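**Q** Since chain A is already given, all that's left is putting chain B on it; use the hints.
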Amino acid sequence: MFEDIYGASCVENQVLSILKSEGNNIAALYHNSAISLKQVFDCMVTEQQNPYYFNAVPRIQEELSQMGIVDSKFKQSEACTDICGEISKCQDGEYYLIRVTPTFTKVCLNARAMRDDHFVRVEAIDEDFVIYNDIPEKVVKISADMLKKVFANQYIIVTPKAPIDDLLMDRLWKNRKFKAEEYTPYFFTQHNLEGIKDAQTRIRNMIQIYKMMCYRMAEYYGLYVDTKFIRDKLPQIEHYYALSQYYVLKGDATAKQLLKLLTDVNSLEDEIMSKLNQLL
Amino acid sequence: MNIETEVRKIVGNMLTIPNVQYIDAKKNLRFFGMDSLNCIELLLMIEEHFKILIPTEYLGIEYLHNIHDICKLVEEVLKNEQLQAV
Chain A
1 MFEDIYGASC VENQVLSILK SEGNNIAALY HNSAISLKQV FDCMVTEQQN PYYFNAVPRI
61 QEELSQMGIV DSKFKQSEAC TDICGEISKC QDGEYYLIRV TPTFTKVCLN ARAMRDDHFV
121 RVEAIDEDFV IYNDIPEKVV KISADMLKKV FANQYIIVTP KAPIDDLLMD RLWKNRKFKA
181 EEYTPYFFTQ HNLEGIKDAQ TRIRNMIQIY KMMCYRMAEY YGLYVDTKFI RDKLPQIEHY
241 YALSQYYVLK GDATAKQLLK LLTDVNSLED EIMSKLNQLL
Chain B
1 MNIETEVRKI VGNMLTIPNV QYIDAKKNLR FFGMDSLNCI ELLLMIEEHF KILIPTEYLG
61 IEYLHNIHDI CKLVEEVLKN EQLQAV
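The listed protein sequences derive, respectively, from chains A and B.
Going letter by letter, the first sequence gives residues 1 to 280 in my numbering.
Going letter by letter, the second sequence gives residues 1 to 86 in my numbering.
These are calculated hints, taken from the structure and not from any lab test.
Since the structure is predicted, the reported quantities are computational estimates derived from the model, not experimental observations.
Hints are supplied without guarantee of correctness; some may be wrong.
Claimed, not checked - 25 Å max Cα-Cα, derived SDA-like pairs, lysine to any residue:
# : chain 1 : residue 1 : chain 2 : residue 2
1 : B       : K26       : A       : I135
2 : A       : K20       : B       : D35
3 : A       : K233      : B       : N38
4 : A       : K138      : A       : E12
5 : A       : K89       : A       : I157
6 : A       : K233      : A       : F54
Next up, chain A with everything else stripped away, as it sits in the complex (with noise of 0.2 Å):
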């Protein structure tokens, strides 16, 4: 369900999720996947933004209601709100996504509540109520006593609105705010981490962020021309995000080792980006 879905959030996985168990293609929604190493640089290492809040490419799902491809409300629930009344009674095209409890999060969904505010996708099945993880991948079924407990009192009601066409997808395209054709090289040097307060931990964020990046533009690009290339470059990726974990924990990477990670992430950027200009 969640397969191929490399969503910056929950509610992000969570509208992927659902726009694909529609039949529609949704790897044209990472059009803005060709953000520069450097330009996540300066947000996670520079500006020090938190890995979860990365707003440099903008969430999928307010784009989508922007265009009019999705409609999404947010609720705040009230006293006199029946959670288990209203998802019993929802539309046919209307999905709702409830926020639940840090402690329903961790012991029996088993994720990593890395923000405070985690939604999960709920259906009602006869008297029961069958909620859908994306982080891990999981489906657990509840009765509506239970559900009640674990609701933290918001919601968002997704409806999408219009498929996702040929029309959309040029759209998608020219309004790209990164892209990969006109990537220019940076290199890194020892001058770009002078400074850098806990670098270690900011490297590790970087990555993070540039990891997702690369499965999307897998994917998005895929769709012109054969990604293949980058396909095969992504264990090395998620080995350098292993390896800037480990120096995160051990606490004990040098600035050498610290610049060498960088500047083999950034060697990795140049080697797919001068690849894929060339196809495209």
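**A** Here is chain B on its own, set in the frame of chain A:
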């Protein structure tokens, strides 16, 4: 020392898996919430517990899919360390 019993304890504690001794050793740990971040945390706990040093080329969730894989990795590292000691 039974490696599998020890590995199960470490995995169970880290991922909060009740009755970890009964889960299938080949069940993917992603199901229990393991991801590319906490798998490194797990790897460091394994290193500390068994007093071993896992080579950095094994850093990554692809080497730690399940309890069976982790046990194999620990056994291999222990074997190599013993060989180097003689």
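**Q** Hint by hint, note whether the structure agrees.
**A** Hint check:
{"no.": "1", "hint": "K26(B) / I135(A)", "verdict": "holds (19 Å)"}
{"no.": "2", "hint": "K20(A) / D35(B)", "verdict": "holds (23 Å)"}
{"no.": "3", "hint": "K233(A) / N38(B)", "verdict": "holds (22 Å)"}
{"no.": "4", "hint": "K138(A) / E12(A)", "verdict": "holds (16 Å)"}
{"no.": "5", "hint": "K89(A) / I157(A)", "verdict": "holds (13 Å)"}
{"no.": "6", "hint": "K233(A) / F54(A)", "verdict": "holds (23 Å)"}
Violated hints for the displayed structure: none, as all numbered hints are satisfied.
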